[in-house]
Amino acid sequence: MTPTSTPPTASTGAAASSTLVALGRHAGAGLRMLVAFTLLLGLAYPLAVTGVAQIAFPWRAAGSLLTSDGARTTERSQAVGSALVGQGFEGAEWFHPRPSAAGDGYDTLASGGSHLGPQNADLAATVAARREQVAAEEGVGLADVPADAVTASGSGLDPHVSPQYAALQVPRVAAARGLDPAVVRDLVAAHTAGRPLGVLGDPRVNVLELNLALERLE
Amino acid sequence: MTSTVWITLGQVGLLLAALALVHAPFGAYMARVYASPRHTRAERAWYRLVRVDPDAEQRWSTYLFSLLGFSLASVLLLYGLGRLQEHLPGSLGLPGLDPDGAWNTAVSFTTNTNWQWYSGEAAAGHLLQMAGLAVQNFVSAAVGMAVAIALVRGFARSGTDARVGNFWADLTRGVVRILLPIAAVAALVLVANGVVQSLDPHTAITTVEGGTQHALGGPVASQEAIKELGTNGGGFFNANSAHPLENPNPLTNLLEIFLLLVIPFSLPRTFGLMVGDRRQGWAVLGVMAGLWAVAVGLTTWAELAGPGAAPAAAGAAMEGKETRFGLAASALFAASTTGTSTGAVNAMHDSLTAPGGGVVLFTMLLGEVAPGGVGAGLYGMLVLAIVAVFVAGLMVGRTPEYLGKKIGRGEITLVALYVLTTPAVVLVGSALAAVLPAGLDGIQDAGPHGLSEVLYAFASAGNNNGSAFAGLTVSTPFYNTLLGLAMLIGRFVPIALVLALAGRLAAQRAVPASAGTLPTHRPLFVGLVGAVALVVVGLTFVPVLSLGPVVESLS
Chain A
1 MTPTSTPPTA STGAAASSTL VALGRHAGAG LRMLVAFTLL LGLAYPLAVT
51 GVAQIAFPWR AAGSLLTSDG ARTTERSQAV GSALVGQGFE GAEWFHPRPS
101 AAGDGYDTLA SGGSHLGPQN ADLAATVAAR REQVAAEEGV GLADVPADAV
151 TASGSGLDPH VSPQYAALQV PRVAAARGLD PAVVRDLVAA HTAGRPLGVL
201 GDPRVNVLEL NLALERLE
Chain B
1 MTSTVWITLG QVGLLLAALA LVHAPFGAYM ARVYASPRHT RAERAWYRLV
51 RVDPDAEQRW STYLFSLLGF SLASVLLLYG LGRLQEHLPG SLGLPGLDPD
101 GAWNTAVSFT TNTNWQWYSG EAAAGHLLQM AGLAVQNFVS AAVGMAVAIA
151 LVRGFARSGT DARVGNFWAD LTRGVVRILL PIAAVAALVL VANGVVQSLD
201 PHTAITTVEG GTQHALGGPV ASQEAIKELG TNGGGFFNAN SAHPLENPNP
251 LTNLLEIFLL LVIPFSLPRT FGLMVGDRRQ GWAVLGVMAG LWAVAVGLTT
301 WAELAGPGAA PAAAGAAMEG KETRFGLAAS ALFAASTTGT STGAVNAMHD
351 SLTAPGGGVV LFTMLLGEVA PGGVGAGLYG MLVLAIVAVF VAGLMVGRTP
401 EYLGKKIGRG EITLVALYVL TTPAVVLVGS ALAAVLPAGL DGIQDAGPHG
451 LSEVLYAFAS AGNNNGSAFA GLTVSTPFYN TLLGLAMLIG RFVPIALVLA
501 LAGRLAAQRA VPASAGTLPT HRPLFVGLVG AVALVVVGLT FVPVLSLGPV
551 VESLS
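Residue numbers (our numbering), protein chains in the order written: chain A, 1 to 218; chain B, 1 to 555.
Since the hints were made in silico from the structure, they are not lab data. Do not rely on the hints blindly, as some may be mistaken.
Stretch-level coverage of chain A by chain B, calculated; a stretch enters the list once three of its residues show a Cβ under 8 Å from a Cβ in chain B [unchecked claim]:
{"hint": "1", "region": "55–61"}
{"hint": "2", "region": "111–118"}
{"hint": "3", "region": "170–184"}
{"hint": "4", "region": "204–214"}
Partial chain B-side listing against chain A, Cβ under 10 Å, derived [what the hints assert, rightly or not]:
{"hint": "5", "residue": "L14"}
{"hint": "6", "residue": "L16"}
{"hint": "7", "residue": "S36"}
{"hint": "8", "residue": "R51"}
{"hint": "9", "residue": "L133"}
{"hint": "10", "residue": "L171"}
{"hint": "11", "residue": "T206"}
{"hint": "12", "residue": "I226"}
{"hint": "13", "residue": "F237"}
{"hint": "14", "residue": "N240"}
{"hint": "15", "residue": "N249"}
{"hint": "16", "residue": "A329"}
{"hint": "17", "residue": "V345"}
{"hint": "18", "residue": "H349"}
Virtual Cβ for every residue (Gly too), placed ideally from N, Cα, C.
Just chain B, with the same shape it has in the complex:
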């Protein structure tokens, strides 16, 4: 047992050491990427080619329109690629997607959710994967980072006319200066370890005992790398990162966890540098890391302990888990993928123990801030920080301020709407599915686990995570349509609110800190923000969590 503990701590230690090593240089690099006034020669040619002006500072509303216009084009193109798959080259002879399926997938990949109702190897040809899904893996991630940077600029700027940057430049730089170089290197490391990278179709071969199995092909490694790095999570194959050709050994497993955490955990540094006070970045990082560490600890404990009828019958909670990873590496992946809005899985979450499944569900319900998706985690956490200074301001009767910006009625209204949006989507969606026949039809396990399956689906869609309690049958028009709406609202309403907030903050003049200003870099504030996150989620979701995972854990 002691050796199990050491091994568990050892893998977390290796991961943390790698993340700590790159935190400062990578965070500083990203700050330079977004702050630099200079374009590379290739970028200038690129902007000329697509005829956009990368130097025009945009007001928040223009920035939002550019973002929405780009996302609208993305949804339409992806919908078209899905519907017309059979007529395009590289389809492997697979048919086009149904209208509801194509809609769901188009929204899913544009919103950085990567919820998958389909099985990759059986429904998506190589062209749809490469030219459709993998492209969105890059650009949807860069969109999230752009929004976070726009909000940070709102804090960093003072007395402007609500200008927060240029969306086209932020998008392009996020892709070509940050995501693409790292993904290319990571993809080759993955191939070196056995992840497939070819354009071959899936062809039948005869196995040793004379049976038939299909040898698999496809541009898997190139997609796997950005799937983790961009906290997307849409697997090339149905089994996602549990598939041995996506995640062949314990080393690639650690690399994939590192990739999905590295941008979310480094962006606080970028934030600290851009607002001119690195301590503020440490505080944000502290809240993220604290929540993540608790989630990892609890999930690991639950999976190692293995409570429940099925794990007890088997002797360990190995249902849905791979031998090469074992319990601890599966738990670490599960907590990290749900904490980052990635949604890739190296073990099947529906078969996690009841407390383990409850913890990863709760981690998503936190609003994806532990440490959250690329960009989305940072702006989500900054919103929570504003709630925290507001609560503290109420307690001492002062106008709250954060980073020199007053949090007045307009600001807190936007923040309150942000905090309410996702829970509303999750609860209304779950409630509809729990009462309508079309929703109830999809449930595999009756009773509390069935409710957990439905709640998990809408929590995953509304928070743009994309992982699933996959016992729920979601490849129906009902779930495809409703979950598509949940993803769309859960992504773009918060983004609109954050950009509006960024505009208001950028227009404000910064006020100098006074003796009455709450310091927002001390451990006290870190604890306060963490408590706000837990209380907000707790109050919102305790009733439904009690009926699902809690009842299940107690039975």
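Only chain A is shown next, with the shape it has when bound in the complex:
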């Protein structure tokens, strides 16, 4: 394209073949560099980070696993779940998480959302049906059901619900467990996280940690 940089050639055929030869030569150097980068960035870097992480933050590096007593563990055989990953709860004695589009629900091998668009009629109908179901379960009016209770999260593994949805579930959970609703309400408050630095994200309640704490009450 620039006259200063393209050497004159006898024919386009010869130019094409010399171009290919040049590209091959550069690809050889490229391959050597790529192999070296693979050793540095593909093995040394992740293994070094893994090593430091396992020493400095062993529990978090292993996936923030919890035992049925709510204690931290790095042993998968003792774990009932991860403090950071939502799981399904259906019984009346548990706080329920959000709807999940990950597989058949909270399937960690199939994370993801519904990907349904804002005008999708099926989604609107599903949301309306969930609203009626939640309102009936909790014995509240349709208008009292918050948005997170009727929508699937992006990951399908959302570990949290909004404080509003948690509050909605307190009477049902307390009744099913024969507990004083005030005690359960205090427990929810103790498991509610606010906005870091006052402005980041939204307030939320960790469902698994809350349910494990409920078990410890009894």
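Using the hints, position chain B against chain A.
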């Protein structure tokens, strides 16, 4: 409502404060990295090991050949790793990828797109993730930065024989002096907040109610850090940065947004220093920041307002969004990831409101300049600046010049081809998918949203973004092949044109500014470049945008 506004402004304010704090020192550091004649001892050993000469100044064509040779090797190695996965250690028992899937992924990660047709936890073992995908997260980013620096050298040099630097040295320094140290620190911060970092496989555990769930393992944090820093965007898990083990809390969310913006927003400083006029860097930064701010504002407004049948039924646009982030932090991430060609998502873009989805689509169609991918954003913006001085030159009847270099017929031809390449890829690809049965089969939502899904896919691939309206089923030979081609053309044709331009500019003698020279550091010029970006995209894409997101927003 007022508190919502304050919270929204507060998180943007924190982000901007952090970016402003590092802008000058980090931009200056990057300028030193690329300008320094000295190699470290480790680097000299490295160059000897791979047998390349890091001191040979390359003409633009040689620089391009080195870049293409390296990228060709990358595609081949990645294709091989994908196809042979089942025979390699660390595969977690997962099978090799199909030919079309391996092709798509090889191109996707080499071109810094990181489009993903597959689900990470179900298709990619730890070795493919570490030794294949994470390596490309680093080097494809360093390639983009190298091209930008070569173009800046074209402006900064005068009367050379089209030499623009040494690709091998630029690539190596970008990786070892810029990307690797920051990624290592960021990875450990992410682990401290709960991002997984292990070599464990995914194993079944029994949940509290007696169900089964898999505990997840993998070198996630080390990949997450470079995924954002290199504006790559390929998630370790399918849910990407919406996944609680990739992005566990609102603080990591802010850190990830910071990482994906920090290099694109600091490179204008590097540019200003290298051309010897920091005001030129401010002007480029001004255009980038202005476009980004408008995109953030509009997306946030749309998501908070929540128009549409489904958000109205739910009471808020929370479908596809995580509780810990909420609406505002999801909108901020969405606008930033599409403005930077990252393509990571912390909320599912297919479920954004119609105007919100339209804005993030438009942000990609701008050509990834708000502020764009690492390097790609800067060279894209410099191309737009040349268009702007050309238009201004036409208006006053003078030969246009930018930074002392005349924009003649040769230069503007390269620039025009650059501006046309990506729109051609996006529109031809979308048109094919919208008429061929194999394309129509993938569409989930009929009507305007279906067209938006297809347009989004090709906009994302052609502009090397990588995010998706994931309702579209793309794991088919048709989409894998065609989107792979779109990514390849959308990456390397513009790079070839930019390097050719860099060579021409470096060969020119700089002309001193005269009374008739258009000042390119004033607010007027900032506005002109922004207007050029909007008009070029507007004229190209208004018809198809009208049939997709616009109809949807109005219905």
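So, going through the hints one by one against the coordinates:
1. 55–61: Contact hint for the region 55–61 of chain A vs chain B: holds, 4 residues under 8 Å.
2. 111–118: Our answer is that it holds, as 8 residues pass the Cβ test (under 8 Å) against chain B, meeting three.
3. 170–184: It is violated: at least three residues are needed, and the region 170–184 of chain A offers just 0 whose Cβ sits closer than 8 Å to chain B.
4. 204–214: holds (count 4)
5. L14: Since chain A brings a Cβ to about 7 Å from L14 of chain B, closer than 10 Å, the hint holds.
6. L16: L16 of chain B check fails; min Cβ-Cβ to chain A is 13 Å, beyond 10 Å.
7. S36: With a closest approach of 20 Å, the S36 of chain B hint is violated.
8. R51: It holds, given that the least Cβ distance between R51 of chain B and chain A is near 6 Å, below 10 Å.
9. L133: 9 Å, holds
10. L171: 7 Å, holds
11. T206: 7 Å, holds
12. I226: For I226 of chain B, the interface hint holds, since the closest Cβ of chain A sits about 8 Å away, which is under 10 Å.
13. F237: 5 Å, holds
14. N240: At about 8 Å, which falls below the 10 Å cut-off, the nearest Cβ of chain A leaves the hint on N240 of chain B intact, so it holds.
15. N249: This hint holds: N249 of chain B lies near chain A, its Cβ roughly 7 Å from the closest one there, short of 10 Å.
16. A329: Interface hint status for A329 of chain B: holds (5 Å vs cutoff 10 Å).
17. V345: 7 Å, holds
18. H349: 9 Å, holds
Violation of the numbered hints given earlier is confined to hints 3, 6 and 7; the remaining hints are satisfied by the structure.
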